[in-house]
Every structure is written in structure tokens, then in C-alpha cells.
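J.: Residue strings, one per chain:
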Amino acid sequence: MSDRFGDAPFEGSLLEVTDVKTHFQTDRGIVRAVDGVSFALERGKTIGIVGESGSGKTVLARSVMSLLPKRGLVREGSIKLEGEELIDLSPKQMRDYWGAQMSMIFQDPMTSLNPVMKIGKQITESIRQHLDVTKDYANELAESMLTSVRIPEPARRLNEYPHQLSGGMRQRVCIAVALACGPKILFADEPTTALDVTVQAQVLDLMRGQQRERFMAMVLITHDLGIVAGRTDEIAVMYAGRIVEKAPTHVLFRDMKMPYTKALLSSIPKIDDASGTRLATIPGRPPDLVNPPPGCKFAPRCAYVQDRCIEEEPPLKDAGNGHQYRCWFPVGTPEGTEALERNLKAGVDAALLLEGEAI
Amino acid sequence: MAGTGDAHLRPPDATLLRVEDLVVEFPVSGGQKVHAVSGISLDIVEGETLALVGESGCGKSTTGRAIVQLPRPNGGSVRLDGTELTSLKGEALRRMRPRMQMIFQDPISSLNPRRKVRDIVAEGLEIWSIGDKASRAKKIEEVLDAVGIDPANAGRRPHEFSGGQCQRISIARAVATEPKLIICDEPVSALDVSVQAQIINLLADMKQQYGLTLVFIAHDLAVVKNVSDRILVMYLGKACEIGAPDDIYGRPSHPYTAALLAAIPLPDPEIQPDSDKVLGGELPSPLSPPSGCRFRTRCPKATQRCADEEPTVREVGTNHYVACHFPLEPGEELDFAKVKTPVS
Amino acid sequence: MPAPPSEPFGRQVESAAETIVGESVDAGFLGEGAEIRASAVSAGNEGKRSRGKPFGLGAKLAMGWMAFVVVMAILAKAGILTWGDAQESVARCARKGPFADEGGASGYLLGCDSNGRNMAARLALGAWTSMLVATGAIALGFLVGGTLGLTAGYFSGKVDTFLTGMFNVLLSVPSVIMALALVAFLQGSPSEAATSGLPAEMILIIAIGVVSVPLVGRITRASALSWAQREFVLAARAQGAKNGRVMAREVLPNVLPAMFSISLLGIAVAIVAEGTLSILGVGVRPPTPSWGNIIALDRGNLFKSPHIVFEASILIFLTVLSLNYLGDVIRARFDVREGAL
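Residue numbers (numbering that gives the first Met the number 0), protein chains in the order written: chain A, 0 to 358; chain B, 0 to 343; chain C, 0 to 340.
Bound-form chain A, shown alone (with noise of 0.2 Å):
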């Protein structure tokens, strides 16, 4: 590991996930989490990754940082961190590439931090365990840490313990741990939506800054495209463990083209809206990843369903700029609006199939 940092700056992709799969084995058939993901990430670009519950997300991240639990797990693919492969790496090889490398943030700040460890400690172990520094120098690179994630009185927190703090200031330490050695990418497993709106924004202010001031990549897992809208270059939705639509971000607002994207974003409620006014939403829930539906995955919610959707899985289609979707009648063009408006003149609204969220 240690030879690299001395090495030229690498040409390709930092980051080049290709086809992986991630699938569980369990007492009721193979749990397709993730099937068939490709996406590349660049130094100092964001994807936003964007689903909702079990859609695959969460499984997603923790792939590509190999921080799965081994029981029943089956991993294929290609994960490339500046072209070295890691799918194959053991979890004492990833050790090296964890926090120095790739680092994570998780949704609930209080389960990464160990609740009877002084945050100085968590921060300085880190640091001292790798560098040949004396304890005041790691404390003091600790101090510089939570003064740079914006902790009101460093000094006096690093003698803290994590439930002294609120739930916005845990978020910090918790980057400020993650950031402490530098990593080259960062993963934000729904960092903010434990949070309070204010510190949503105070939280993902901070993460952009600290990225742009170390060059760092990021990906940024939620289930909300409002967050993802102004922070990211490029979005991936998943759906039912794949990607069904990606694209740069400005591309993907200005041309949706999967109804899936479409309803998320049209479920956010908007302050523009009269009050009173009945928000859209996705009738039904996610599939069963154990036998999902043969069609396209997402064909018993979508609203522009046809009979093919049931019978043929659609494949990933380019339309160029970068932006790829998953659709046989993609919103904002001819065969999709005909679809649509056949349905309605059906009355075969989704919701209709679904009777709302029958289990």
C-alpha cells in the first residue's frame, strides 16, 4: 500500500465498479441485493445514489468497501480502486484501503462511535497507530480535525464522550474520524436523515466543503432527490438491486426519462405547492428480491405500464451525454406519453393494480 503514495497520479477512473453482484443466500431463496451495478466515479466528483428502502443502496456501498457480513454472501464483479482490483482482496487486505483509502459515514452517528471511548481518543487512535507521533501531536492533529468539521471548543470536546453532544455535532465527529487519514473517497450512507432539516444542511455544507478542499470523491446514498439535486455531478437510481436510471445531475432533472425517477421526485412535497394539495406518490413498495417480477422490476407500480414491461426486461439504453435509463416507454417521449395516456384512458392507474399497499 505504502508504495503508492509516492506514484504519479493515476489516469483512468479513481473508482471503476463493473457488473457487481451481491447476492445473500438465505433460508428462503438468494437474495438478489445487488445485480449487475456499474458506475465510475472521478477524484473530487459526488454521485449521489439514489432508492428507496431496499433497493439495494446501502448493499451497494458496502460492496464496493467490503463491509459485509461473510455469511451466505456471493460477490462478483469488478471493483477498481485507481485500477488495482478489490473484490478479491481478504478483510486484512482491505484494512489498508479502509479510512486511508475509502472511508464511510453511516446514518446513525451514535453506532459508529463507541459510546465509552472520549472522542479525542477515537480520533488520536487512529492517527497514532499510523504515525510515528507523539501523543500531543496526535492530539493536537485531532484538535485541528474537529476544528475543521466546525466543533465549537475542540479542545474541550475532544474530553467528551459521544452522548454528550447532539445528534448534528455526532455527524461531525463521525466525519472528522472518517476524514482523519485522508481518504481519497468518501461514503455517506444516508448521513443526514436522522437529522433535523437545519442540520441536515449544516452537515451536508460541511461535507461538500471538506471535499472540495481535499479533492475528495464522495458518494451519497439517500432516498430523497432533494438532497442529492444540488450537490452532486452525476445520480444513480437504483432500483430492486440495479441502476435503472443514470445521469449527470443537471442532465437527469432537465430530461427524466424512467417513470421510476419521476415518481421519487414528484413524492418530495413542494413548498410551491397550494396548501391542501394532494401529494403523488408510488402506490406499492419495492419487490420481493427474491423473486422479482420477470419484466421490468419496477413495472407492477409504474403508471406508464405496458404488456411489455411485464414480459421483457428492458436493458440499460444510452441517450447520450452520459445518461443511461431502463425503460420501453421512457417519460417525455412519444411511445412513453401514448402508454401513459393509454392507461389512463384505461383506468388501469398502477395504484388501481396494486390496491394501494396490499402485502
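Do not take every clue at face value.
[What the hints assert, rightly or not] Taking lysine-lysine pairs in the DSSO-like style, the calculated list, with each CA pair at most 30 Å apart, reads:
#1 B:Lys138 to C:Lys241
#2 C:Lys157 to B:Lys32
#3 A:Lys91 to A:Lys117
#4 B:Lys276 to A:Lys269
#5 A:Lys91 to A:Lys134
#6 C:Lys59 to A:Lys69
#7 A:Lys269 to A:Lys344
#8 C:Lys241 to B:Lys115
#9 A:Lys134 to A:Lys120
#10 B:Lys88 to C:Lys241
#11 A:Lys269 to B:Lys206
#12 B:Lys132 to B:Lys115
#13 C:Lys241 to B:Lys179
#14 B:Lys179 to A:Lys269
#15 A:Lys269 to B:Lys337
#16 B:Lys276 to A:Lys44
#17 B:Lys115 to B:Lys138
#18 B:Lys115 to B:Lys137
#19 C:Lys157 to B:Lys88
#20 A:Lys269 to B:Lys300
#21 C:Lys241 to B:Lys137
#22 B:Lys32 to B:Lys300
#23 B:Lys132 to B:Lys206
#24 C:Lys241 to B:Lys206
#25 A:Lys117 to B:Lys32
#26 A:Lys20 to A:Lys91
#27 B:Lys132 to C:Lys241
#28 A:Lys91 to A:Lys69
#29 A:Lys69 to A:Lys20
#30 A:Lys91 to A:Lys79
[Said to hold, decoys possible] To give a feel for the contact side, a few chain C residues facing chain B, derived at Cβ under 8 Å:
#31 Arg229
#32 Gly239
#33 Glu249
Source of the hints: derived by calculation from the structure; they are not laboratory data. Even glycine gets a Cβ: it sits at the ideal position worked out from N, Cα and C.
Add chains B and C to chain A, keeping to what the hints say.
T.: Just chains B and C now, kept in the frame of chain A:
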């Protein structure tokens, strides 16, 4: 800014619920007190939805629970349908329970994992012996059907349902006794956006179908826009701004309301989030809240007057009230970068 | 920042991963399993997956052993067991082990004790006494300790302070001394007129039971305390349920697995406790055999004829081991999964 007063209350006989000067304090070790709610007044007309909005720790959930007297408030008055709840003794208060219900944030924690969905929903009916066995079974079927849970699954236990479905079961339990008032304590905060929308719509339907009056507690102004008739913005146990949603969103008067609005992430890549518009700092400790206006430590408009004198609620437009010495003019921009250094 | 390979961070991440691994793969790790599991409903599994799994070999062995002990005890008590008379003394085979070839003890499967009584018959009858005392004592502890613990945990506040204080006081007295004192008190003064007249077994049940009250109570209280803070308890109270109903329907069913689990361990401890009291001379009175007083009677003959103490000890050992094991199995089995988030 955050202050007391009852200028926004309507005539008592017009309201279903009237809360005046509600105070809730929790003793902590060392003889100190957490000032969770310090003099909140609010009222709800029958059929209305009132949203209580603010950050964690602003006392909104405590207010909701104090209304149903769980636990009882330390001061103030809570009148439901003309009955003063704070002075009711044990059994008399218990008799009021079927009229007011609660829905909680965590759909998992709010359902007993060892009971069947049928029994969970039937609890209120059984306690009050409403109807006979057959009519109860029919009622359960009806409410489960209304919330979109197939009554055929009523024999299952909560862990077999998803978070959104558990929240539907909670709603079914709440409406089963046909209450007048339901306190919804952050009912969608733990859910995915797509499920959030389903639950919000469901609550609107339930309100129609069962003629409910709702208190909707949320930390996100965007969520309550579509469901509420009136919004009360709270900060550290005090009221900031009260008004109809269109006024609150269109012409926010209180700097804190403006900060909450600015924090909503917009699903539009053309609008770059501006960190100068983001509220800085942390909520001050409720053990020793700031003097005067409690929001002054994070407010860019704060002056000496805000530290010396607590603002009271006053009218700034039709049915639009604010507790602030220096309310915002329409179109006024706030620069929170000025007060970025947080107060400890 | 310098960027060396980071081990502790790695470990930290790993430990986060381990918390995931702790749950089973389909049990909702990462929040993704939520839907995996929820969709189990659509697959028609009635949610019995966690309970329907076959028992492991260890659990089967433990259950088999306990069944053997219980059946043997009941048959011995009922006099159906034909392993011989537990009281008949045959002088010629006193202290003879099962493999002794001279002296005639070879007719007895497990040899004889120092009074020449059939060990197999005594151990079988002793199983009855030991199990009766242990189960009875723990049933008492379960009822009293469980009720007090549930009350303390549910009401918290002053009730809790009082009851927990009481548990702590009881726990601070060494349990053997406490049991001795109770036995002495219950037996009454040695003079004929003042004896309580209670059978020795009953005295032991009460003494050991009282000692177990604070143990069961503490465990129940801790569990009840955490369940009582859940929102479904608040929801039940908001429905107008009275405290008794909330305790019985909402809290108790969730606390019971912990209570059962600790009670099985408690039975194991009580078997040992009965033995200890026998050695101290206040156990079940001879000639009625119990595993404890079999050891107590012949502990002086440990070197000359080790089989007596040995056989009783092995029975106690296997029974205690099985009960401990079953306690764990029960806890794991009744650990209902909660919710899907």
C-alpha cells in the same frame, strides 16, 4: 422572537382544543430543570389541522404529549371540548381518553411486537367495551381496510410489516375508537419520501372520512405544507410564528421560520444550496435558556432589546401572528453567516 | 493530512460491520433487509421462520437429559421404578462401588452408599427431592420476584427506588447465610413445642425461594424498565388502559422470555444451593435422599469410595449444564424480531 402571549387565540367557544400558557418542566439532577415548554398557547377549531414545527428539542412533542396529559403539564390549561383536562382526576381523565389519540414517530416502537395486529387495533374498543364481539371484528376490518391493510393479514404480528405499513396500523388503532382529536407526533419522519407521501395522503383521507381534528408535529416545514390549515413554529419551548401555511411560506415574518424554510433541500440542481442562508450553531441548553427572546443567540437581527425584553405574540397580517421585536419585511434576506459562531 | 493506511479506522468500520453481522442476514441488516423480510409475508411464510428452525444437537441433548431426569424422578417417587429400595440397608455391600467384585455389591448398578443402600434407587428418588425443592423455590422466586420486578420497572420513580433498594439489601446479604437464617427461623426452636411443623422440603423451598426473589426481581425490572418506555406502552395508556392491563398485556409478554431464561438458570443454582445447605446440615433430612444430602452424608468417604459423591455430582453437573444451555436456547428462541425498519 420566540415568545409568549395569546393574541393568536380565537374565541373559546369556537374551538375544539384550547391550550393556554402550557408549561412543562422536567427536573434533572443538581436541582436544575429542563424548560421543555414555557408558555405555549394554541387552539384548534374542529376539523382543522394544526402543525407544530421546530427542531428537535423545541418542545413540540412534549407539547403534544402534555395535551393528552401524558405526562401532565406543570402549568397552564388544556381544554378539550370545554372540559379542562389538567384538573381532571384519574378516572375522569381516563374517560376522556377515547376522544383523543396519538400516532408516534417510530412505527416499530409504537406497536407491541408480541401482539397481533387485530388485537393492537382492537385495544381501545375492548377497553371501552364498544359494541359486541362481532361488531368489534367488523370495525377492525373496516379501519384496517380504510388504512390500506388487508384485513386478511390482521392475524400477523408487526414485524411482518414494513415501516410504512406499521404506521398505517398505528393510524388504524388511533381511529378505531372514533376520537375527535389525534396528535400525530412526527408520523412520517422515519419514513422514505415515497412512503411519506402515502402516509400524508392517508392522514388527509382519514381526516375526511372520520371527521378528525389533527395536531401534526414535524421538524420539516415542507412536510406539513400539504396537510395543515394552521402552522405554529416553535423554538426552545416558545412560540415564534402562527399563521396559515400560505402566509408562513409566502411571507415568513420570524427569522427562525425563514431559516427553517431555507434549510429545505430543493429538488432542483439549478439552485445551489447557499450556506450563508443556513442557520448556524446549536440549540441552546433548555436548562438555562437565553434571556429575552430565546432565538436571539442565533439570530442575525438580534439587538440588546432582544436580550432584555421577551417579545409577545402580535398580529402582522390577517390571522398571521409573530413573536418578534423585528419581524422580517416581505422579501428581506437574512445573512446567517454573521452569527455562525455557535454559542455554547 | 498525511494518508497512511489506517488500521484503527478499519477496525472501527469492521466493528460497525460486526453489529450488522450480529443479526442474521435476513434479519434486516442495513435496513435493506427490511423489505427482504417484509416481503416474506408475501411469500406466505407466517413469520415462524425464526422459531421453526430445528433445534441444534446441544439443545436436543439438554432436553433429552432433562426429560430423563424428570421422568426418572416421577417414576421413583411413584414407586414404579424397579431399581430397588432406596431405604433398605444391606450391610455387606456398604461403600461398595459398581465394579466391586467381592462383597456382593455387584448386583447394584451404581453400587451402594456407606449404609449399604442402593445408589441407583437413592439417586432416582433424590432427583425427585432435588428437582422439587429447586423448581418450587424458583417458582416462588418467579412469582414474587417477577411481580415486584415488573411493578418496579413499569412504575419506575419512587416505587422503583423502594423495590430496587429492597432487592439490593437482600442481595448484599450472602445468600448462604440468608438461606441458613431462613431455615433456622422456619424450623423454629429445637424444643419440641415450638417447631413449625413444616416439612423440610417446604422450608427449603421457602428459604431458597426468598433468596432468589431479588435475583429474578432485578432481571425482570431491568427488562420491564426498557419495555415500559416504548411508545406502544404510551399508546395503550393513551387508549385509556389501566395500569394493570398495560402491565399484563403490553409489558409482561415482552418480559417473560427474560424471566423464563433466568428461571432455568435459577433452577440450576437452586439444585446446587440445596446441596450446599445439605452439606451444612440443614438440607433435606435423611433418610429422605436428595442429591445434596447424598453428597453430604458420604463426603467423608471421598477417598475410600469415591463413587458415591461422584455419581451424585455428575447428575448435578449434567443437570445444571443442561438447564444453563436451555436457558440460552429459550432466550434466543423467544427473541421476537421487531419491526422492519
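J.: Are the hints correct? Go through all of them and say.
T.: So, going through the hints one by one against the coordinates:
This hinted pair checks out: Lys138 (chain B) and Lys241 (chain C) have alpha carbons roughly 23 Å apart, not beyond 30 Å. Under the criterion of a C-alpha separation no larger than 30 Å, the hint pairing Lys157 (chain C) with Lys32 (chain B) is consistent with the structure, at around 19 Å. With a C-alpha separation of about 26 Å, the suggested pair Lys91 (chain A) and Lys117 (chain A) falls inside the 30 Å cut-off, and the hint holds. Among the hinted pairs, Lys276 (chain B) with Lys269 (chain A) is consistent with the structure: their alpha-carbon atoms are about 19 Å apart, no more than 30 Å.
For the hint pairing Lys91 (chain A) with Lys134 (chain A), the CA-to-CA distance comes to about 27 Å; that is within 30 Å, so the pair holds. With a C-alpha separation of about 28 Å, the suggested pair Lys59 (chain C) and Lys69 (chain A) falls inside the 30 Å cut-off, and the hint holds. Using a Cα cut-off of 30 Å, the hinted pair Lys269 (chain A) and Lys344 (chain A) holds, with the two alpha carbons roughly 28 Å apart. For a cut-off of 30 Å, the pair hint linking Lys241 (chain C) to Lys115 (chain B) stands: about 20 Å separates their Cα positions.
Between Lys134 (chain A) and Lys120 (chain A) the alpha-carbon distance is near 10 Å, which keeps this suggested pair within the 30 Å criterion. Simply put, Lys88 (chain B) and Lys241 (chain C) have alpha-carbon atoms about 14 Å apart, close enough for the 30 Å limit, and the pair holds. Between Lys269 (chain A) and Lys206 (chain B) the alpha-carbon distance is near 21 Å, which keeps this suggested pair within the 30 Å criterion. Between Lys132 (chain B) and Lys115 (chain B) the CA atoms are separated by roughly 16 Å; this keeps the pair inside 30 Å, and the hint holds.
Distance hint between Lys241 (chain C) and Lys179 (chain B) is fulfilled; the C-alpha atoms sit about 21 Å from each other, no more than 30 Å. Distance restraint check for Lys179 (chain B) and Lys269 (chain A): the Cα-Cα separation of roughly 29 Å lies within the 30 Å cut-off, and the hinted pair is therefore satisfied. Distance check on the hinted pair: Lys269 (chain A) and Lys337 (chain B) sit about 29 Å apart at the alpha-carbon level, within 30 Å; holds. The straight-line distance between the Cα atoms of Lys276 (chain B) and Lys44 (chain A) is roughly 24 Å, inside the 30 Å bound, and the hint therefore holds.
Proposed proximity of Lys115 (chain B) and Lys138 (chain B) is supported: the alpha carbons are some 16 Å apart, at most 30 Å. For the proposed pair Lys115 (chain B) and Lys137 (chain B), the alpha carbon gap of about 16 Å is at most 30 Å, so the pair holds. Our distance criterion of 30 Å between C-alpha atoms is met by Lys157 (chain C) and Lys88 (chain B), whose separation comes to about 20 Å. At roughly 28 Å between alpha-carbon atoms, Lys269 (chain A) and Lys300 (chain B) fall within 30 Å of each other, so this suggested pair holds.
About 25 Å separates the Cα atoms of Lys241 (chain C) and Lys137 (chain B), which keeps this hinted pair within 30 Å; it holds. This hinted pair checks out: Lys32 (chain B) and Lys300 (chain B) have alpha carbons roughly 29 Å apart, not beyond 30 Å. Note on Lys132 (chain B) and Lys206 (chain B): the hinted pairing holds, with a Cα-Cα distance of about 26 Å set against a maximum of 30 Å. Distance restraint check for Lys241 (chain C) and Lys206 (chain B): the Cα-Cα separation of roughly 28 Å lies within the 30 Å cut-off, and the hinted pair is therefore satisfied.
Between the alpha carbons of Lys117 (chain A) and Lys32 (chain B) the distance comes to roughly 27 Å, so the proposed pair stays at or under 30 Å and holds. Distance hint between Lys20 (chain A) and Lys91 (chain A) is fulfilled; the C-alpha atoms sit about 22 Å from each other, no more than 30 Å. Restraint check: the Cα-Cα separation between Lys132 (chain B) and Lys241 (chain C) comes to about 21 Å, which is no more than 30 Å; the hinted pair holds. The straight-line distance between the Cα atoms of Lys91 (chain A) and Lys69 (chain A) is roughly 13 Å, inside the 30 Å bound, and the hint therefore holds.
Distance restraint check for Lys69 (chain A) and Lys20 (chain A): the Cα-Cα separation of roughly 15 Å lies within the 30 Å cut-off, and the hinted pair is therefore satisfied. At roughly 17 Å between alpha-carbon atoms, Lys91 (chain A) and Lys79 (chain A) fall within 30 Å of each other, so this suggested pair holds. A least Cβ separation of about 5 Å between Arg229 (chain C) and chain B falls short of the 8 Å threshold, and the interface hint therefore holds. Hint on Gly239 (chain C) holds. Least Cβ distance to chain B is approximately 3 Å, under the 8 Å limit.
Against a cut-off of 8 Å between C-beta atoms, the interface hint on Glu249 (chain C) holds, since the closest Cβ of chain B lies about 5 Å away.
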